[in-house]
Amino acid sequence: MIQVLRTVKYEADRVRGFGREIMSVPGCEQLASCIQCGTCSGTCPLSVYMAHSPRQIMALVRADFKDEVLQSNSIWLCASCYACTVECPREIRVTDIMYALKLRAIREGAYPKRFPIPILAKEFSRMVRRKGRITETLLVMRLFMKANWRAVLGAWRQGLGLIRTGRFVILHERIKRRAELEKMLSSVENGGARPASKEVP
Amino acid sequence: MKYAYFPGCSLKGLGRAYEESLLPVMERLGVELVELDDWNCCGATAYMSIDEKQACVLAARNLALAEKTGPHDLITPCSACYLVLNKMKHYLKDSPEMRTVVQRALDGAGLAYGGNTPVRHPLDILVNDVGLDVIKEKVVRPLTGLKVAPYYGCQVVRPYATFDDAWNPTTMDRLLATLGAEVVPYPLKTKCCGASLTGTLPKVGLRLTYILLREAARRGADVIATICPLCQFNLDAYHDQVERRWGPVPVPTVYITQLMGLAFGLPAEQLGLNRNFVRMKPLPAAPAPAQSK
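Chains A and B are the protein sequences, given in the same order. Residues in the first sequence are numbered consecutively from 1, following my numbering. Residues in the second sequence are numbered consecutively from 1, following my numbering.
The reader is advised that the hints may include incorrect statements.
Partial chain A-side listing against chain B, Cβ under 8 Å, derived [what the hints assert, rightly or not]:
(1) SER41
(2) GLY42
(3) TYR82
(4) PHE124
(5) ARG133
(6) GLU180
(7) LEU185
Here are the simulated SDA-like cross-link-like pairs (lysine to any residue), alpha carbons at most 20 Å apart as the crow flies [as the list claims (entries may be wrong)]:
(8) LYS53/B <-> GLU108/A
(9) LYS281/B <-> GLY161/A
(10) LYS183/A <-> GLY110/B
(11) LYS122/A <-> ASN148/A
(12) LYS203/B <-> PHE115/A
(13) LYS122/A <-> ILE163/A
(14) LYS131/A <-> ARG178/A
(15) LYS93/B <-> GLN30/A
Since the hints were derived computationally from the structure, they do not count as laboratory data. Note that the structure is a prediction, hence the values are computed from the model and not measured. Glycine included, C-beta positions come from ideal geometry on N, C-alpha and C.
Same shape as in the complex, but just chain A (with noise of 0.2 Å):
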């Protein structure tokens, strides 16, 4: 079967108001002066992994092409080694964009369901507020559990590794004062980037 893919974008793709949006995410305003030079993707480890290069990326989003790149392996593929940003004539911060860009994926549910990545992020957040710190080791288990609990069969060698080098923490790390936590952080809860469907020009 021979595979057809169309590589022209219509004008009906685009989501009108998308690019405007990111580029409003304290961080992002410089992506309006883009000149498309690709120093981002040359100086990029992960590009040549990514399905769209780090300035194919930012001319999406000026242009509004909102499926394409949330759905696209690439933001999630920046490791952020902050390369881009140190390295870009326009003083865009690529790395900074990419995060908008994984938060507005997360709110809305755009990335396909056992995807470690963004689980990963959630998993992060969640410990983060219900423990006030992370612990590493239980993280991880958490992380293969939701996205792929055969990987623990496969990391087994690791996990008896870290046993016998004592860095296998089984006893949460937690803060004193988690309610205090707790309460500062709901009181900023989803104060970032709504959902585009909500959002009013």
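Since the structure of chain A is already known, use the hints to place chain B on it.
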């Protein structure tokens, strides 16, 4: 010399060897570290993709706790904590709106954010506050003949390279030379280790780890020195998986503070060196016990 100390979650978990070596080394240098009372997770890179205001509050609570502690600089050994706390300081400075929101959240707990506490990395403090000359005086067991590849990773130099260069930092190189080690030229010193991709997308993450290990091996390094708990974990705990895929890359990875401890004559078992998957070979027998001090 006194600093407020923010260890971060990793130094109590997978990266505990970092804390185990940092504390005695700092003590030996007469640097006092006062751990922040009831500090919370900095939010790391993950929380930014969940809620940016909450991420800001997480960082601001720690910074406010530091301000409450006293007028000392805050020392953060983990690269992610260092980046996040500095980044949020920038955010709060640039966005009065965010600052109002965050201050309101802190109010209830009697905390205030003034934005005046410098957030600094141990490397910065060791080289610029303590000074290499003072460090040199404490060296009783020079690391002569030990070939070390200095690996800085990303987030301690980018994007807030306040004390060193974003691509070609040299503070750790100079520190290693002070300890008597032979510094191996290591052009990948600020390349990404794969971060959490080693666990979430091994095919991609492990290759980045492999590239770093192979280059260190190719250049004849006996050991890689690092300053980031995640870099150390990737280069060490995934070492066997890397070798199974791509063949031998026989280089262990330790924290710079562990090497400092060895040079200061502290016993290896007190520096967390037994926590490595890939153990560092013991230093050759001390040349002569000419303990100048």
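Does PHE124/A meet its interface restraint, that is, does its C-beta lie within less than 8 Å of any C-beta in chain B?
holds, 4 Å
When you check the alpha-carbon spacing of LYS281/B and GLY161/A, does it fall within 20 Å?
holds, 18 Å
For LYS122/A and ASN148/A, compute the direct alpha-carbon distance and say whether it is at most 20 Å.
holds, 15 Å
Status of the TYR82/A interface restraint (C-beta, 8 Å, chain B):
Holds: closest Cβ of chain B sits about 4 Å from TYR82/A, inside 8 Å.
Between LYS53/B and GLU108/A, does the CA-CA distance stay at or below 20 Å?
Answer holds: LYS53/B to GLU108/A is near 18 Å, not above 20 Å.
Under 8 Å is the threshold here; is the Cβ of ARG133/A close enough to any Cβ of chain B for the hint to stand?
holds, 5 Å
Given hint ILE163/A paired with LYS122/A - CA-CA distance at most 20 Å
violated, 26 Å
With the threshold set at 20 Å, check whether the alpha-carbon distance from LYS93/B to GLN30/A stays at or below it.
holds, 17 Å
Identify whether the interface hint at GLY42/A stands, where standing means a beta carbon of chain B within less than 8 Å of its own.
Status violated, d = 14 Å.
Less than 8 Å between beta-carbons is the criterion; does SER41/A satisfy it with respect to chain B?
violated, 15 Å
Straight-line alpha-carbon gap LYS203/B to PHE115/A, limit 20 Å:
holds, 14 Å
Between LYS183/A and GLY110/B, does the CA-CA distance stay at or below 20 Å?
holds, 13 Å
Of the numbered hints given earlier, the model fails hints 1, 2, 13; all others are met.
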